Each structure stands twice: as structure tokens, then as C-alpha cells.
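Q: Work out the full structure, taking the sequences as your base and the hints as a guide.
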Amino acid sequence: MDLPAFGGFGLGLRKPHYADFIDGRAAVDFVEIISENFMVDGGQPRRILREVRDHYPVAMHGVSMSIGSADGLDPEYLTRLRQLIDEIEPLFVSDHLCWTRIEGFNSHDLLPLPYTIEALDIVCANVSLAQDRLGRTMLIENPSSYIAFDEADMSEWEFLDALCQRSGCGLLVDVNNIFVSAQNHGFDALAYIDAVPGNRVRQIHLAGHTVGETMLIDTHDQPVCASVWDLYARLMPRLGAVATMIERDDDIPPLDVLLAELKVARDIAGTTTERRAA
Amino acid sequence: MSLLSLQRDMRDWLDTGSAECAVRFAYSAQPGLGIYQNNYRAQLAACLEDSFSVTLAWLGGEAFHAAIVAHVKSNPPTSWTLDLYGENFPATLRRFYPDDPEVGDLATIEWALSEAFVAPDAPPLSADLSTIDWDGAKIEFVPSLTIHPLASNAPAIWSAISAGHEPPSPALRPLSEALIVWRSEETCRFRSIASDECDAFHFLAQPGATFGGLCATLGESQVERLGQWLGQWLVDGAITGIADATQ
Numbered sequence: 010m011d012l013p014a015f016g017g018f019g020l021g022l023r024k025p026h027y028a029d030f031i032d033g034r035a036a037v038d039f040v041e042i043i044s045e046n047f048m049v050d051g052g053q054p055r056r057i058l059r060e061v062r063d064h065y066p067v068a069m070h071g072v073s074m075s076i077g078s079a080d081g082l083d084p085e086y087l088t089r090l091r092q093l094i095d096e097i098e099p100l101f102v103s104d105h106l107c108w109t110r111i112e113g114f115n116s117h118d119l120l121p122l123p124y125t126i127e128a129l130d131i132v133c134a135n136v137s138l139a140q141d142r143l144g145r146t147m148l149i150e151n152p153s154s155y156i157a158f159d160e161a162d163m164s165e166w167e168f169l170d171a172l173c174q175r176s177g178c179g180l181l182v183d184v185n186n187i188f189v190s191a192q193n194h195g196f197d198a199l200a201y202i203d204a205v206p207g208n209r210v211r212q213i214h215l216a217g218h219t220v221g222e223t224m225l226i227d228t229h230d231q232p233v234c235a236s237v238w239d240l241y242a243r244l245m246p247r248l249g250a251v252a253t254m255i256e257r258d259d260d261i262p263p264l265d266v267l268l269a270e271l272k273v274a275r276d277i278a279g280t281t282t283e284r285r286a287a
Numbered sequence: 002m003s004l005l006s007l008q009r010d011m012r013d014w015l016d017t018g019s020a021e022c023a024v025r026f027a028y029s030a031q032p033g034l035g036i037y038q039n040n041y042r043a044q045l046a047a048c049l050e051d052s053f054s055v056t057l058a059w060l061g062g063e064a065f066h067a068a069i070v071a072h073v074k075s076n077p078p079t080s081w082t083l084d085l086y087g088e089n090f091p092a093t094l095r096r097f098y099p100d101d102p103e104v105g106d107l108a109t110i111e112w113a114l115s116e117a118f119v120a121p122d123a124p125p126l127s128a129d130l131s132t133i134d135w136d137g138a139k140i141e142f143v144p145s146l147t148i149h150p151l152a153s154n155a156p157a158i159w160s161a162i163s164a165g166h167e168p169p170s171p172a173l174r175p176l177s178e179a180l181i182v183w184r185s186e187e188t189c190r191f192r193s194i195a196s197d198e199c200d201a202f203h204f205l206a207q208p209g210a211t212f213g214g215l216c217a218t219l220g221e222s223q224v225e226r227l228g229q230w231l232g233q234w235l236v237d238g239a240i241t242g243i244a245d246a247t248q
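As they're listed, the protein sequences go chains H and A.
When the first sequence is numbered by my numbering, its final residue is 287 and no position is left out of the sequence of numbers.
When the second sequence is numbered by my numbering, its final residue is 248 and no position is left out of the sequence of numbers.
Hints were generated in silico from the structure; no laboratory data involved.
Owing to the predicted nature of the structure, the values given are computational and were not obtained by experimental measurement.
All C-beta atoms in this analysis are idealised placements derived from N, C-alpha and C, irrespective of residue type, glycine included.
Don't take each hint at face value.
[To be verified] Which residues of chain H face chain A? A partial, calculated answer using Cβ under 7 Å:
#	residue
1	Gly-51
2	Ala-79
3	Gly-81
4	Tyr-86
5	Ile-111
6	Asp-118
7	Ala-128
8	Asp-130
9	Thr-223
A: Written as C-alpha cells, this is what we have:
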């Protein structure tokens, strides 16, 4: 895989913390943006992003590419994304293993895929096309899901491994998503963690979730829970240098709170690095 | 079932929420279907609440959400960006409130401001005005500038609500008046204009139209007024360039 590794700890760029990142005061190694929020023609969003980029490497994380769409990718979307990539020169460009759009209908939600041979063929073709149009290797993130399809031919981790091998993409592993989906669908999160192809992982997401009536919901509005920290600690010794970040999209606390939470990640990663060295 | 068929079924479920669509999925999928349905509608509603917060404050939550339900039902989202979902909401509100034009007008103002906020950047005017040949001058307005017909005193209502003041009672105003919305640097602004200034904007927007041409069209009696408009456009930061149309 031709994607350089970057070891560090970051946060998502969210409005309450814009001033800290524009000034370069926030003690993080990189910043992640939601790509679509900045795929606009001009104005304050683009100016803020340019100023943040002056201080930090930026990872671009998308939610609307829809790499699982059976009717292919949206060329206008790819053109806009490429323009932003060319301006920002991001650390990574990522999106989700999901679909959001079909035949002109855009759900704006990360909808689940059946892990079938047919879906794998479609996703591989879409990811290869996207990488070609964007001129770079993508990272694909495992989603949280609330439906598992009976017709699946393989597990999610087998699907992702095959996708990496066939398309050459890398992985963004969302540890909270593994925990949420494992709880919702009754599979073993540890087995998933142990099966992640470590050499493909370049970025890690950590987040909180909400306990719903029937399932766990990936809400990004709470601190990372203890079980997710445990999974992170189990995963890290298997990886090389990766960019770890905490996603917080709702009930966003002061930056200091998130930096303290990020220190937990630093400590866990530091411990596992020491173990590797020993 | 092919992936395309499955995705069409999911689209139909999200769009309609009907039991007929739900039964196309396995029994084990039913709880998850409810979560996706809720996410879909909640996200679109939150988008409209955020995009039209002043209109929401004017209408009140119950009436606003009745309009949201109707809008979501007849306007499934099509763009890759959620930011565009509110584009047709002013039209929905006009259909909902045909006798209360300030409702649709308020939404029109909010949508125009949001569009101006992310419109292409334009450098401030740097020309030396004393050296310009005004007869052949082509006025280039900032790309964020848009013109909107209004039937009510919605601009005053918008300003009052945004400032946390008691809004005025709704009132009709001459249909010939309009509103211009634009962004100067990073500040989005609007201003009411009379029909003759509106006509001037439309004239100057034509390919090849010059300031001299506008002077000739208006006639000598209106030259002073034209000078006032030009001064106002410069103060507004609505002009980004003045080119020589003859070159």
C-alpha cells in the first residue's frame, strides 16, 4: 500500500473549538474534518480550513461518497472532493463502508451493506474508481450498523480484508463501531479486533455511543466507554504507526475535556509501544 | 435479492415508512429499520430547523414541524450535501401559508443568506475610480449577490427576531420592491430596493451591459439617482470589479 504511516493523536474540527485550532493552540498532532462541510465554493468555512491547515496536518473524512451504491459514484461529488484534496493536501482521505445514495435519492445516513460477493464486487469497483479520480489511496471505515443481512457470504472483517487486497485501499478502524455492531448483531468484538489486517490500518476512530431501546446507537455524544478502551488496547499492539482520534459530534465539551480523553489514548498507545519494544 | 433491489427497498422504506415496504425485509431487520427511519427523518428535520431558525421562531414549533413533515414527504433529498436540502422549503411554506406571505419571505431571506455565506470568494474592489471610463465600464458584482421579490415586511421581522427584539406585525408591501442579498468579505447582508434599482441590477447583469448603457436607458433625469446607487453599491461592498467592456 502506497500510503505513508503517520503516528499521532488528533481531534475533529468542530465549531466550538475553531478558535483553538485557528490559533494553533490545541495540543494535537492532526485535525480531522468532515469533508462535505468544506466542499463549498468559498466564504468563512474555506478560510477557516486554510488557517487550520497552516498549523496542523488535516485528515479528510467523508460521509457522502456512497461507495456501496449499486448504481456507482456521483461524478460531481468526486470532482468537488478532488478540488478540496488538491487545496488541502490532506494526511488521509476516508469514507465509510456503507451506501447513502441510490438513483438520485440521498439518505444522508450511513446505510448498511449485505456482505455478499456481489456487494464486494461493487464496492471494490467503486473504491478503485474513487482512488483513480482522487489520485490517491483511500481509507475505508467500518460502520456501526443496525441491520445484519441473512444473505451475507462473509463477516464484515472478511469483507474489509478482501476490499483492501483487491482495491489497495487502507483502513480507518472505528473501535466504537466494532463494539456497537458486535453488541447489536451478537458477534465477538475481540474476534473482529484480532482479524483486522493490521498492516492496512492508518487511522483509528474512538467515540461514545448511546444505549437505545433495542440496540446501541452510534451517537458520538458521550465519552469513550471502558469496553471500547479495552478493545483499543487490544488492537494497538498489532498496528504500526497510526493516527488516533476522538470523534465528538454532539454535546461537545470544552476542548480541555477532549484533550484529557485523548491523553487516555496516548497513554494506552504508549504502553503498548513499550510492550512492543520490550 | 440483488444489491440494487435491496437499496431500492431501503429507499422506499425511508421515503414512505410504510408497512408494505417494511415487510420486504426479514423479521430480524425490523428493529434496525425503525432506527434508520428515525435517523433519516430526524436528520432532515434538524437540517431545516438549523437552516430556518428565524422562520421557526416566527411560526412556532408546532406549525413549523407540520410544514417539515409535509416537506419531507414531497421532497426526498437528492443532493450529496445536506446543506442543499432546504432549497425548496420556502416554496413549501408559501404553499402552506398563502395568506401569510411573510412566512415564505422569511424563509427566502434565510436561504439566500445561507447561500451567500458559502458563495465563491471575491476580492474587494481595488480600481482607482478616478481613472475609469464610465461610459464603457462593466460593473462586476460579487458572485454572492442575488435578488428576491418580496411581498411583506419580512426583512424587518427577520432583523428584529435576530436581534432578540419584539418583531413588528406582518404587513404587505408593494410587489415592485425587492431584496438584494450578498456577502461582503465574510459578512452576509441584505437591503430592500425599489423597482428602479432592481431594474438597474438586472440591466447590468446582461452580457456586455455597461454603466454608460444604463445611463442612456434611464435618461438624463435619472443620472443623479444612478450616481447614488453606484455610491451605495460601493459602500455595500457589492462590487468586486469594474472592467472596460470595450477591451
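Q: So, for every hint listed, does it hold in this structure?
A: Hints, verified against the model:
no.	hint	in the structure
1	Gly-51	holds (4 Å)
2	Ala-79	holds (4 Å)
3	Gly-81	violated (11 Å)
4	Tyr-86	holds (4 Å)
5	Ile-111	holds (4 Å)
6	Asp-118	holds (5 Å)
7	Ala-128	holds (5 Å)
8	Asp-130	violated (9 Å)
9	Thr-223	holds (4 Å)
In this structure, the earlier hints numbered 3, 8 are contradicted, and the remaining ones agree with it.
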